[in-house]
Amino acid sequence: MSGFFRFILKRIVYMLITLLLISSCTFLLMNFLPGSPYGNEEKLTNKQREVMNERYGLNKPLGERYIIYMSGMLKGDFGISLQFGDQPVRSILSKRIGPSLQLGIQAMILGTSVGIILGMIAAMFQNSFIDAIVSLIAIIGRSVPNFVFAVLLQLLFAVYLKLFPIALWDKGFLSTVLPTVALSVSPMADSARFIRTEMIEVLNSDYIELARAKGMSEWRVAFKHGLRNALIPLITILGPMSVSLMTGSLVVENIFAIPGIGEQFVKSIMTNDYSTIMAVTMLYSTMLVTIILFVDILYGIVDPRIRVGGGEY
Amino acid sequence: MDEPINENKNLSPKIPSSYFTPLDDTHHFDNERIAAPSLSFYQDAWRRLKKNKAAVASMIILLLIILVEVLSIWYSPYDPNLQNVPHANLPPRIPHVNINGFNGKAKISGVWVDKYELVHVPKDLNYYFGTDAFGRDLLSRVLAGTRVSLLIALAAAFFDLIIGITYGLVSGWKGGSVDTIMQRILEIISGIPTLVVVILMLLFIRPGVTSIIIALGLTGWITMARVVRAETLKLKNQEFVLAARTLGESSLNIAVGHILPNLSGIIIIQTMFTIPSAIFFEAFLSFIGIGMRAPNASLGTLLNEGYKTFRFLPHLMWFPAVAICVIMITFNLLADGLRDAFDPKMKD
Amino acid sequence: MGEKILEINDLHVSFQTFAGRVQAVRGVSLTLNKGETLALVGESGSGKSVTCRSIMRLLSKNASIDSGKIIFNGEDLLSKTDKEMQHIRGKDIAMVFQDPMTSLNPTMTVGKQVAEPIILHQKLSKSEAMKKALELFRLVDIPEPEKRLKYYPHQFSGGQRQRIVIAIALACNPKILIADEPTTALDVTIKAEILDLMKSIQKKVSTSIIFVTHDLGVVANIANRVAVMYGGKIVEIGTVDEIFYNPKHPYTWGLLRSVPTLDDREDSLYAIPGSPPDLLDPPKGDVFAQRNQYALNVDAYYEPPMFKVSQTHYASTWLLDPRAPKIKIPQSIAARWQYFKSKKQSFKDKRG
Ligand SMILES: Nc1ncnc2c1ncn2[C@@H]1O[C@H](COP(=O)(O)OP(=O)(O)OP(=O)(O)O)[C@@H](O)[C@H]1O
Ligand SMILES: [Mg+2]
Chain A
1 MSGFFRFILK RIVYMLITLL LISSCTFLLM NFLPGSPYGN EEKLTNKQRE VMNERYGLNK
61 PLGERYIIYM SGMLKGDFGI SLQFGDQPVR SILSKRIGPS LQLGIQAMIL GTSVGIILGM
121 IAAMFQNSFI DAIVSLIAII GRSVPNFVFA VLLQLLFAVY LKLFPIALWD KGFLSTVLPT
181 VALSVSPMAD SARFIRTEMI EVLNSDYIEL ARAKGMSEWR VAFKHGLRNA LIPLITILGP
241 MSVSLMTGSL VVENIFAIPG IGEQFVKSIM TNDYSTIMAV TMLYSTMLVT IILFVDILYG
301 IVDPRIRVGG GEY
Chain B
1001 MDEPINENKN LSPKIPSSYF TPLDDTHHFD NERIAAPSLS FYQDAWRRLK KNKAAVASMI
1061 ILLLIILVEV LSIWYSPYDP NLQNVPHANL PPRIPHVNIN GFNGKAKISG VWVDKYELVH
1121 VPKDLNYYFG TDAFGRDLLS RVLAGTRVSL LIALAAAFFD LIIGITYGLV SGWKGGSVDT
1181 IMQRILEIIS GIPTLVVVIL MLLFIRPGVT SIIIALGLTG WITMARVVRA ETLKLKNQEF
1241 VLAARTLGES SLNIAVGHIL PNLSGIIIIQ TMFTIPSAIF FEAFLSFIGI GMRAPNASLG
1301 TLLNEGYKTF RFLPHLMWFP AVAICVIMIT FNLLADGLRD AFDPKMKD
Chain C
2001 MGEKILEIND LHVSFQTFAG RVQAVRGVSL TLNKGETLAL VGESGSGKSV TCRSIMRLLS
2061 KNASIDSGKI IFNGEDLLSK TDKEMQHIRG KDIAMVFQDP MTSLNPTMTV GKQVAEPIIL
2121 HQKLSKSEAM KKALELFRLV DIPEPEKRLK YYPHQFSGGQ RQRIVIAIAL ACNPKILIAD
2181 EPTTALDVTI KAEILDLMKS IQKKVSTSII FVTHDLGVVA NIANRVAVMY GGKIVEIGTV
2241 DEIFYNPKHP YTWGLLRSVP TLDDREDSLY AIPGSPPDLL DPPKGDVFAQ RNQYALNVDA
2301 YYEPPMFKVS QTHYASTWLL DPRAPKIKIP QSIAARWQYF KSKKQSFKDK RG
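Chains as they are written, first to last, in our numbering: chain A, 1 to 313; chain B, 1001 to 1348; chain C, 2001 to 2352.
Hints are computed from structural coordinates only; laboratory data are not their basis. Please note: incorrect hints may appear among the correct ones.
What the hints assert, rightly or not - Derived PhoX-like pairs (lysine-lysine); straight-line CA-CA distance at most 20 Å: (1) C:Lys2132 <-> C:Lys2091; (2) C:Lys2123 <-> A:Lys224; (3) C:Lys2284 <-> B:Lys1014.
As the list claims (entries may be wrong) - Just so you have them, the derived chain B footprint on chain C, three or more residues with Cβ under 8 Å: (4) 2147 to 2154; (5) 2321 to 2330.
Cβ atoms here follow ideal geometry from the backbone N, Cα and C, with glycine treated the same way.
So here's chain A without its partners, still in its complex pose:
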């Protein structure tokens, strides 16, 4: 048990180093970035620019600005957006985190649950027609870029069939259906493929043979003994799957005009909105390292070999 705790503690230290590294890099990069943060550079006089620099603290020495930036960040203060009506970055992002989170969670749940079912069925009927169909779905899900998929969904279900709003965020749950489906394709394909491989391996293991020898039916064996053992390692790909969700949200939110972080991020990149870019970068990185940590802890909880000691940590 203590071994596991020490392991988690070590992970937290790495997580903090990673974050420190990323925030410093971002800060430095932003400082040496070509292009000006002001939207209407050409029309500004020198005087005006000085006033603005003063106002945003851009005339202070680098070291001082670094300290201001880092201490602000600890308090969740990312400064003021220079592009979007002088609002504090925090208030811009806090409004937008809800929709992104909702979509991300919905897509994760939908994608992994459909993927698990597909993968399990494919494994149980290995090398059959059903298995081939699932493999086909998985390969398409993995190959077709999510923005292509999002556009096709939009065209088919919103434009032609008119079942869902095209790109509106005010229809409640209905507005979330298409973007959720578009986002869920990649976790679905990943988990279907993963569970299939795991399940096939598990179903060939000795303890499954023993369960069969007890006289249990094949389905009962698969559910009671197979599934749990195949599911545990799925936790390890939660990290990469969340990353692909974050990436996907950038395009999907744009295509469906969702007022989320991803859409804001793209806008900020296009307009050199440095403070927002830094904030989103930090947000994404923090989320990723937290998820990785969470995955390690979760693994320790669900796998008795680690939980009850005697594990490999």
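Fit chains B and C with the ligands to the given chain A structure using the hints.
Chains B and C with the ligands alone, transformed into the frame defined by chain A:
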């Protein structure tokens, strides 16, 4: 107790007694054949790959695509960036094909109209994939865009092979504190989302193929490094390596001469998995507008342009969409096939 | 001997593989009597496990049972549906596997795993099943059974895990217990403990046991009868005494010679020269002929029938044909009889 077994009485009387003598040394049993010659690692993998129809088909399609792309450097139907505004927004016209949508006709307010006639395009001038809003030939642009994707694939594979393998090999082979430090560095780097690295890089360097390639070079090789390290650790203590050591071969020689060849399987597999994700990343960045810049075409920018007018000019979206899907699917299928071929324990 | 409980008739099993059809079992016939322990011995690949799995109908997907009958309770198991087989498995016929380290589900408490067949077949409630599981843990000598029921497999040693697997197999008082090399993966002292356990259990619950091993040494103190398998066939079958003190088949001789004895030095360990037959294309005539130093010309052309040696003893070798030259059992085996006897004796002494 009566077992279902022959009784001594009914033994075969036909056998001549002369047979019941000790076997002479000269007799050879016909089953003392030499076992089938064992196949080499590659022959074996190749034999398994050939059995996988999807992988073989993908490989053929990819080879064809590569061939066409190489040829199109010199023989593109049109200059992909050449604007010809009078011929703007033409639907595809393929000679001798009379299917609406591929014969130069487009639906305008519910009626099929021959747009080529409207703008007086000569009879023998065809745009097989149609044209975009500036009258640029879409086929030429899709060809150019696919070339970008393949270039990115090549670059990603290159980084994977150079940085990833070196890093993994050194880390695994050296072991000890070198390994620990290198692993910590990897652990920290992998905590940074690739997307974030790429976007920061793109802000810093001018967007374009080079910047995307550099960005990929920074992060794309991490998985390869991990895989190679793990495998090197496994191989390090095997007999043939220990034997080479006792024979006094240098560390570098053993690593390159003995370990590396044994890693070829997983290296091929891993490279094949890196490629589609690199292609995706370029298309993705170009689609959101921070990858390739106009007027240069990449599948991502083409999709972005096509997406904006999808409802009215569907061909602008469909052709690049199909192109990227075909490339991604074939690469993934081939990668899967290679994995199964090199790693037989995964399949039966 | 008592009445028979299981009868295998001319069983043929093959596997479809990349390289072709592997004929793993080629005409196995044997009977198992009530309350006895039948040892199935033979080299690796001789078809012991395949025979056992055929009884359980737990062969892999690429297997096919080409012909034969397995009669249990007057019914042919091979013609039963999957559903009917599920009622027999774990209840009437139970199995213990070779590797205790991988035989238990790592993410389920051992108590639940022992209770599972009880709930399934005896329709008991969970708590009643747990009570039975506790009894079983006591039967197989797991210390602190109440506490240990809630443990996970990784918290037990290899020997203890095999005891748990045996407890699972005994959960529903099976009529037949098939133990497929239950001690091979264990080290020597643990091996002896498990053998001890199996013997004492058989006394208490009186099931019939098919005990698979490739070590004839183990057989001497556990089995009543022995069937020797080679190349997918039974080449000799008889009581323990018959197999040890009056073996007829040259392969059995080889096996007996290769049993390590205490005064053998490491380097004098005997191994039968040559390698097992290629089951993709089994040899014509006698399967063992190419490794047999006493081979006759007839072996190259004709397959020997099962010659009857006594009411309980049969062997399949042309050496038993009246026309064959009389060959004396090799001196080196006779020299070992004293050792076998002492081994059996010491085992009896130990049991008191
Ligand atoms: N699933 C399978 N597919 C193909 N061939 C198989 C399969 N299972 C067993 N065989 C073959 O059948 C033959 C008999 O195997 P079996 O497992 O019964 O041997 P065994 O006597 O139990 O040996 P061991 O002492 O190693 O357990 C072997 O040649 C083996 O290669
Ligand atoms: Mg076996």
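List in ascending order the numbers of the hints, as given earlier, that are violated by the structure. 4
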